[in-house]
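Student: This is what each chain is made of:
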Amino acid sequence: MPQVHDRGGWPGAGPINQAGHDLSMWEQRTDALLVLLSSPTKQLIRVDELRRAIESLPPDAYEKLSYYERWISAIETLLVEKGVLTKEEIDRKADEGKVTSNE
Amino acid sequence: MDTRFQPGDTVRVRVDSPPHHFRTPVYIQGKVGRVAAIHGEFRNPETLAYGGDGLPRQPLYLVHFAQSDVWGQYDAATRDTLFIDIYEPWLEPVEH
Chain P
1 MPQVHDRGGW
11 PGAGPINQAG
21 HDLSMWEQRT
31 DALLVLLSSP
41 TKQLIRVDEL
51 RRAIESLPPD
61 AYEKLSYYER
71 WISAIETLLV
81 EKGVLTKEEI
91 DRKADEGKVT
101 SNE
Chain D
1 MDTRFQPGDT
11 VRVRVDSPPH
21 HFRTPVYIQG
31 KVGRVAAIHG
41 EFRNPETLAY
51 GGDGLPRQPL
61 YLVHFAQSDV
71 WGQYDAATRD
81 TLFIDIYEPW
91 LEPVEH
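These protein sequence lines map, in sequence, to chains P and D. In terms of my numbering, the first sequence opens at residue 1 and continues consecutively. In terms of my numbering, the second sequence opens at residue 1 and continues consecutively.
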């Protein structure tokens with residue numbers, strides 16, 4: 001049984017939705033964040049590690065999350081794994097963001 | 001560069017599902033194709049994915065397969081071909 005990301009030839013998967021859409025600001029920021037974290041000077045995250053972290057998402061989460069939601073989830077996993085940030089620090093900052101966006 | 005296979009060689013993709021990250025999709029495993037080209041040697045994504053150095057580098061091949069061999073029911077043009085990049089440890093020789 002293939003893992004959730006390894007879906008070439010899955011029966012009944014249907015056609016791929018190839019419609020494009022404009023990227024929101026947080027999606028562009030997520031992309032920029034990975035470019036910075038994987039830059040030759042930083043080298044905190046390799047693209048291979050990003051893939052591995054995305055593939056390690058629980059199957060239901062993988063199906064539910066959008067493309068960049070998978071990215072940011074994987075980036076969080078890797079930064080915590082590498083000791084760059086703690087889960088608590090990330091959650092605290094995310095909570096601050098909620099307050100700011102309500103103002 | 002020391003490679004196990006040469007362009008034109010017939011190869012079979014190993015069937016495996018290691019517990020770690022790998023790049024060889026399940027749909028191509030067990031299928032027989034031919035080496036079209038050698039891309040070069042690259043660091044191994046299977047260890048790079050866990051913060052390793054990816055060494056030793058692994059030869060990466062461009063391998064082609066008849067689509068009708070890959071899919072059980074394939075009713076399009078019989079000459080349709082699939083090209084896919086596969087690292088050397090995933091390939092085994094096929095005796096003629």
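Please keep in mind that the hints were generated in silico from the structure rather than gathered at the bench. Model, not experiment: these values are computed from the prediction. Check each hint, because a few of them may be wrong.
These stretches of chain P come out as covered by chain D in the derived footprint (C-beta under 8 Å, 3 or more residues) [to be verified]:
| # | stretch |
| --- | --- |
| 1 | 4-11 |
| 2 | 26-39 |
A few chain D residues facing chain P, derived, Cβ under 10 Å [said to hold, decoys possible]:
| # | residue |
| --- | --- |
| 3 | Arg14 |
| 4 | Ser17 |
| 5 | His20 |
| 6 | Arg23 |
| 7 | Pro45 |
| 8 | Glu46 |
| 9 | Gly51 |
| 10 | Gly54 |
| 11 | Leu55 |
| 12 | Pro56 |
| 13 | Ala66 |
| 14 | Val70 |
| 15 | Trp71 |
Every residue, glycine too, gets a C-beta built ideally from N, C-alpha and C.
Student: Take the hints in turn and mark each one as holding or not.
Tutor: Going down the list of hints, with the structure as the test:
no.	hint	result
1	4-11	holds (count 3)
2	26-39	violated (count 0)
3	Arg14	violated, 15 Å
4	Ser17	holds, 8 Å
5	His20	holds, 8 Å
6	Arg23	holds, 9 Å
7	Pro45	holds, 5 Å
8	Glu46	holds, 8 Å
9	Gly51	holds, 7 Å
10	Gly54	holds, 8 Å
11	Leu55	violated, 13 Å
12	Pro56	violated, 16 Å
13	Ala66	violated, 15 Å
14	Val70	holds, 8 Å
15	Trp71	holds, 7 Å
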